[in-house]
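Residues -11 to 30 (the numbering used here) make up the sequence shown, in order.
These are computed hints drawn from the structure, not numbers from a lab. Here a beta-carbon is modelled for each residue, glycine too, at the ideal position from N, C-alpha and C. The reader is advised that the hints may include incorrect statements.
Unchecked claim - Simulated restraints, written as ranges between beta carbons of each label pair:
(1) E(-9) to F12: 28 to 34 Å
(2) L16 to M(-11): 30 to 36 Å
(3) L(-4) to L16: 39 to 45 Å
(4) L(-5) to Y15: 26 to 32 Å
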Amino acid sequence: MFEKIFLLFNYMLDLLFVVFINLFVKYLGFSQGKPLLLFFVC
């Protein structure tokens, strides 16, 4: 049970991180930020 909660929390944290990076890149408008974003997703 605890492991499932931990995995879910980990997944949500990753998702939040990706969304944050996406917004950050869009906000700055850097074209060089796209490869960095792909690196984070993979």
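Hints and how they fare:
no.: 1; hint: E(-9) to F12: 28 to 34 Å; in the structure: holds (31 Å)
no.: 2; hint: L16 to M(-11): 30 to 36 Å; in the structure: violated (41 Å)
no.: 3; hint: L(-4) to L16: 39 to 45 Å; in the structure: violated (31 Å)
no.: 4; hint: L(-5) to Y15: 26 to 32 Å; in the structure: holds (30 Å)
The structure does not agree with the numbered hints 2 and 3 stated previously, though it agrees with the rest.
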